[in-house]
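Chemist: Here is how the chains run, residue by residue.
2 protein chains.
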Amino acid sequence: MLSIGKLSGATGVKVPTIRYYEQIGLLPRAGRSTGNQRLYDRPAVERLAFIRHARELGFSLEDIRELLALADDPEKPCAAADLIAGRQLAAVNARLRRLEALRDELQRMLAQCTSGRIADCRVIEVLGNHALCAHDHAEAAGA
Amino acid sequence: MLSIGKLSGATGVKVPTIRYYEQIGLLPRAGRSTGNQRLYDRPAVERLAFIRHARELGFSLEDIRELLALADDPEKPCAAADLIAGRQLAAVNARLRRLEALRDELQRMLAQCTSGRIADCRVIEVLGNHALCAHDHAEAAGA
DNA sequence: CCCATATCTATAGTCGATACAGGTTTAGAC
DNA sequence: GTCTAAACCTGTATCGACTATAGATATGGG
Ligand SMILES: [Zn+2]
Ligand SMILES: [Zn+2]
Ligand SMILES: [Zn+2]
Ligand SMILES: [Zn+2]
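One line per chain: the protein sequences are V and L, in this order.
In case it helps, our numbering puts the first sequence at residues 53 to 195.
In case it helps, our numbering puts the second sequence at residues 53 to 195.
Because the hints were derived from the structure by calculation, they are not lab data.
A quick note: this is a predicted structure, and the numbers were derived from the prediction, not measured.
A couple of the hints might just be wrong.
[Unchecked claim] Quick list of simulated restraints, FRET-style, between CB atoms:
#1 L:Lys58 to V:Arg149: 28 to 36 angstroms
#2 L:Thr86 to V:Gly77: 50 to 58 angstroms
#3 V:Glu114 to L:Ser55: 34 to 42 angstroms
[To be verified] With the Cβ distance kept under 10 angstroms, some of the chain V side facing chain L (calculated, not the full set):
#4 Ala62
#5 Asp134
#6 Asn181
Note that CB positions come from ideal geometry on N, CA and C, so glycine has one too.
Kindly generate the complete structure, drawing on both the sequences and the hints.
Modeler: This is the structure:
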């Protein structure tokens with residue numbers, strides 16, 4: 053049985069994050085030592101490693117919740133899991149296209165700036181006037 | 053002079069967002085009508101359009117705060133602005149490389165799945181075992 | 001036994017908004 | 001002039017996925 057610190061070391065997930073995952077019900081409530089400290093067994097390590105890997109691949113915690121539920125049911129068809137991964141791939145592709153447009157605009161404005169006074173700065177000028185852009189790059193940038 | 057609703061319509065920035073920008077000091081406190089409603093002039097429209105465009109290009113509000121301060125000082129050298137844009141370009145490039153790796157992994161796992169039972173699902177299998185991945189794709193996925 | 005480290009809980013903060021509640025002002029129709 | 005619906009006001013709470021802090025308790029090595 054591992055302490056939360058050892059589990060953290062074994063998976064690369066920070067201690068407060070593990071507690072957070074338990075709090076939101078992504079990890080089951082851990083067993084406790086006589087002194088009330090969390091103890092983890094091997095399946096817990098695998099479950100957390102699964103979560104970490106899915107996070108690295110960009111899945112949301114809600115998606116991961118569903119994927120974990122599916123993983124616990126080996127006889128079911130995997131169409132639901134493939135659907136979630138397909139959605140994720142589509143989201144990644146959308147973000148890629150958007151970021152490529154942003155990269156092009158940023159490169160363009162930097163290349164056109166002669167690095168003189170602010171009054172002549174192409175960066176400031178383009179930011180103030182989207183008509184100077186080559187792409188549309190609409191929508192919020194967060195994604 | 054425009055009401056906040058007209059300003060919103062003119063710039064595409066939602067009304068609560070405009071109030072939020074004022075609250076955090078990104079927009080100066082707007083003048084008020086006799087009935088205490090915000091009123092905006094033409095420079096306010098331009099300032100908000102600048103903010104919106106910079107957000108679309110992925111700049112953080114803190115970066116935008118600096119860029120606005122620079123834009124207000126036309127005689128200064130523009131190196132600081134170019135530096136911020138360069139940082140943003142580097143961040144976008146980093147996110148692009150990362151997303152490309154994610155896209156490859158997601159495509160691979162989906163292509164290898166025969167869509168049978170969960171027990172044989174390649175998606176679930178790869179998520180549980182990073183050794184099956186071709187790339188490293190480390191770091192958090194948020195960015 | 002002592003002490004440094006690890007762990008515990010609960011709460012607040014991050015970013016960039018968005019949503020809601022409950023009240024006031026305004027603009028247009030009559 | 002009056003009515004009503006829309007827009008506006010403030011303040012607070014919420015989202016996702018953590019991260020940080022404070023103050024208390026437990027554990028493990030010397
Ligand atoms: Zn410049
Ligand atoms: Zn543009
Ligand atoms: Zn599958
Ligand atoms: Zn992997």
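Chemist: Could you run down the list of hints and mark each one as holding or not?
Modeler: Now the hints, each set against the structure:
1. L:Lys58 to V:Arg149: 28 to 36 angstroms: Holds, at about 33 angstroms.
2. L:Thr86 to V:Gly77: 50 to 58 angstroms: Distance hint for threonine 86 of chain L, glycine 77 of chain V holds at roughly 53 angstroms.
3. V:Glu114 to L:Ser55: 34 to 42 angstroms: Given a distance of about 39 angstroms, which is inside 34 to 42 angstroms, the answer is holds.
4. Ala62: violated (13 angstroms)
5. Asp134: OK, holds: aspartate 134 of chain V within 10 angstroms of chain L, min 6 angstroms.
6. Asn181: holds (8 angstroms)
In summary, the one numbered hint that this structure violates is 4.
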